[in-house]
Structures are given as C-alpha cells and as structure tokens.
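Q: Sequence:
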Amino acid sequence: MSASGAVLIAALALLAVLALLGVRRAGQELAVAAALIAGSVALAGLQWQALPGIIVAIGAAFFVWRGLASGRGVGAGLAAGAVLSALPFWFFPVFSLPVPEGAHPVGTIAIEMTDTARRGVLGRPAGEPRRLPVRIWYPGAAGEVGPRAAYTGRTEAMSLGTTFGEPWFLYTALASVRANGMEGIRAAAGKWPVVLLNHGFWSYKEQNTAIAEHLASHGYIVVSIGHPGDSVTYRFADGHEIPPFMGGTEDSEATKALEQGIATFMGAATEEGRFKGLSLYDAGSAGHRINASAHAWRDDNLFVLGALQRAAPASAAAIVETADFSRVAVAGMSFGGSAAPSACARIANCRAAINLDGESFDFSLYNADLGRPLLLMLTGQKFASSQRDDPDTNPTDYAYERWAVAGETPGIYRMRVETMRHLGLMDMLFAARDPFKARLYGTIDADRGIRLMNDAALDFLDRHVKGEANDFPAGFHKRFPEARAHDAAHVRHWWLAFNAARGCTADKVRASMPANDPVGMRLGQWASAASACND
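For the sequence shown, our numbering begins at -15 and goes up steadily by one.
These aren't lab readings, by the way, just hints derived from the structure by calculation.
Honestly, I wouldn't trust all of these hints.
Have a look at the derived ranges for each label pair, beta carbon to beta carbon [claimed, not checked]:
1) 418 / 227: 39 to 47 Å
2) 494 / 423: 39 to 47 Å
3) 330 / 151: 49 to 57 Å
4) 295 / 254: 50 to 58 Å
5) 294 / 418: 45 to 53 Å
6) 231 / 126: 22 to 30 Å
Here a beta-carbon is modelled for each residue, glycine too, at the ideal position from N, C-alpha and C.
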C-alpha cells in the first residue's frame, strides 16, 4: 500500500475508534482532515483505490460537522467503512519491486531516439519519422545514490487498462509506483553486455522492470524499447503523443484469414494437421497488420542497437561508453518475445535470445535453426482459444530448430510454468491479490514468480552471453521445479517418420537445410514440397 493510502485508511480507522470512545470534535476533525488530504494525494497519483475511502471520509466529515460522529452505531459504521476502503488497496496494491540483489547499484535513464530512415510506420503520417521511447538500466558506480525513478509515466498508466481490454482505471496507480533504479548516477567502470528488451503487444516498456533491474545489478546494460502504435499511448518530452494504432484491426477479411490460420495450425489434433495449417497461418499473418508490426519491432531493435553504437544521445553517452556491443542479447515477452529471436538472428554479435511466452510471427524461423542459444518460457495459458488443449505440445515447438533435430539442439531451452498465466510474466504479478491475481496473472506466489523469471534470465545470460560455467538449466530446475522442461522431440519423431513414409531417409532429412525468406519473414518452398528430399 502506498504511504498516502496507508494514512487514509489509518485516519478512517482512528475516526471509528474516536466515535466508539465518544470523543468529539477536535480529534475527529484532525482525523477527517488527514483522511481527506491523504485521499486527495492518492487520487492525484492516479490511485483509484482511494476513491471509496474518500467517499467515506466525506460522509464522516458531514457527521463530524453536525456533531453526530459518536456512539456505537456511528463507530461501527465508520469501522465498516474503513475496512471496505482498505479492500481496493489490499486486492489491487500499489506495489513495490524487489530490491536488486547484485553487486551494483542500479542506474536508469529515459531517452528518445528517432529513425529518420523509416517514416509513416504503424499508421503514423507518411512523412513522420519513427520515434521510439527507450529506457536504459545500467550498473552504477559503487556508493552512488540518486533519486529513484518513477516506474512509468502517467499517460502510459492511464491508457494501459484500455489497451488490455480491462477497465480503463485498473492500472492507473502504476504512476505512483517507484522503481529501484536511480536517476543521474555514474555508470560503473567496465564493459558490460547489452540486453535489448521488448514489451508485449499493447503494453509499456517498463513492464519487466524487475528483470531489468536484476540484470543491471549483476552487470548488464538493459535497453528497453517502446514500440509506439502497438503499445500504450506514449508521451514524448515535447508533449507529442502517439496512441495505439488500431488500423487494420477493422479489416474483417484479413482478421478472418489470420484467425482461420491460427485455428488450423494451433487447433489441429495431429502433427500432419499442424504442418498443413502452418502455411495457412503464414498466409493469414502475411495479409494482416500483425505482419507490419512484426517487421517494425524487428527493425526497432536493429535501429536502436545500431544508433547506440554510432552515436548515443548526449544524456546517455557516458553510460553507452561502458557497453560491450560484442556481447548482445535480445529478450522480450509475448509479441516482444516473438521479436526477440527474430532480431537476434539478424544481429551478428547477438549471443542469445529470451522469449517469454511469445508465439513466433517470424515464419522464417519455423523449421529453421536459430543459430543462437534461446530461453523459451511458456505458461499454463494457451496462445489462443482455438489452440489444442495439450500441455505436451506448443505452437513454438515448430520454431527455432530444424524439425529433423527438434529437441536435440544444444542451447535451446524450452520450459513451461503451469502456475503462471500469460500476463504473469510481467511486473503485474504484484498488481493483484487472489482471487483476482489467479484469474489475471496465475496462482504462483508473486515474489516466487518474479524470482523465477529473474533467476532464469540471469543464469541463462551468464552462461551464454558472459560465458560463465554455471549449472543452468539443471540448477535452475532444481530450485524451481514448477518450471518444467518442455520437450519438442515429438516434432522430430513425426518429421522423420513423415519423410520416411515418402522414401526420404533419416540421413537425408537431417542433412537438409530448408530455406525460408528471412527478409519477408515467410516460409520457404519446403512447406509445400512432397518431402524434405524435394524442398
């Protein structure tokens, strides 16, 4: 609970006690004043949770003014009002993020970057260059102290509920959350690996601040990229705002084709049915605005990384000087999870990618080797309602490895956390308590869920980006047995048998290198060939 929320509830509780004790006027007036002031401060911070308490405080002020705020009945009513006023804060807390445990204090800075080579992206006017909000977390110098950064902006917090299809006010209190990252502190001397971080569709760039701060405290520079148009409304320093781009979503034919492709691919009961459905999924995606988004997000990553290497904004230059661009990773959640391996595959120095529960909209990565280590974390929630209800298979089983060797590629780690829902792979795991938390984010304990994600990301990156000889993934699975290893070997078994029935031997299938279209991010001709021997 926020400080203002705590004062509001405490003042209402005090009013109830004073009424029960028969104390009139002076003490009650002070308590009412404290409740109204605290409630106003909370509301100014967009904490909608304070509204019931303010209503109770206004009612109490009337009784105090009339000299009627005493006695057992009034006291009991005020006590009930205090309890009811506390419930929104209890069920939807103004949370605090876990303190990073690494050796470094965490610094953070918000910057803006403009790609003048791309214009009219995702519904913007034809001549408008692509503007990107970016937040960087970095290892701070020892002993550095500075003001804690705001978790996210007011504009972003006010638009998140709507973009997520929830009541518009549900997430406005995020504007009152303070992060652990400190603004204006010096960067630690050294050369630190760089992690590009991508939010989910319709979301905001700070959604995985807990992971970012954890990594920064352990010696990584984390660069979180906002993707305007496919996000919350972003407000830039000059006051310019870019709202979500809804264009294309009203194209019923394109949407129908995409949904049909998803249902055919994800809903098929057999491997061969999913194989046939994959081409429909590819075609449906190609004709939908989601394809423009997939290309835009990939290109956002490539631009930001390149621009930081060439000439970082002056405000971040000293920080970027400590970046080691020979050691890069790309991570993301949901649609950002799809963008992460897509971008990583096109970055020469990308050593690893992390996909937190994102289906792949880069179709050039189906039946293809990513060529980099990948951590893929799935949840107990399906990607789509039409997806077949089978926890042993997942649409991503068909991506990131050639099917002939699926489940055998070193460095490809697939896991599933059944006790998490999709949105639980965000800081939002702290944003609600049961029963709402279970419905929205999952049944896993919030602190444990965040630690699970933090440890998985750090252990994986330490091994494959820093080159440390740790015990990932065995040690991680031992600490978090709920993160069950997910095996894609069923794809390999089926693909070898499918081709064998068509006279294509296992050796030939294993030796084949299916060719996709990496520029257009589309499937290759192999998807319609009679067998792997004919692709």
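Q: So, for every hint listed, does it hold in this structure?
A: Each hint tested on the structure:
1. 418 / 227: 39 to 47 Å: 33 Å, violated
2. 494 / 423: 39 to 47 Å: 45 Å, holds
3. 330 / 151: 49 to 57 Å: At 39 Å between Cβs, range violated.
4. 295 / 254: 50 to 58 Å: Taking Cβ atoms as reference, residue 295 and residue 254 lie about 53 Å apart, which means the hint holds.
5. 294 / 418: 45 to 53 Å: Given about 49 Å between the Cβ atoms, the range holds.
6. 231 / 126: 22 to 30 Å: 49 Å, violated
When each numbered hint is compared with the structure, violations occur for hints 1, 3, 6.
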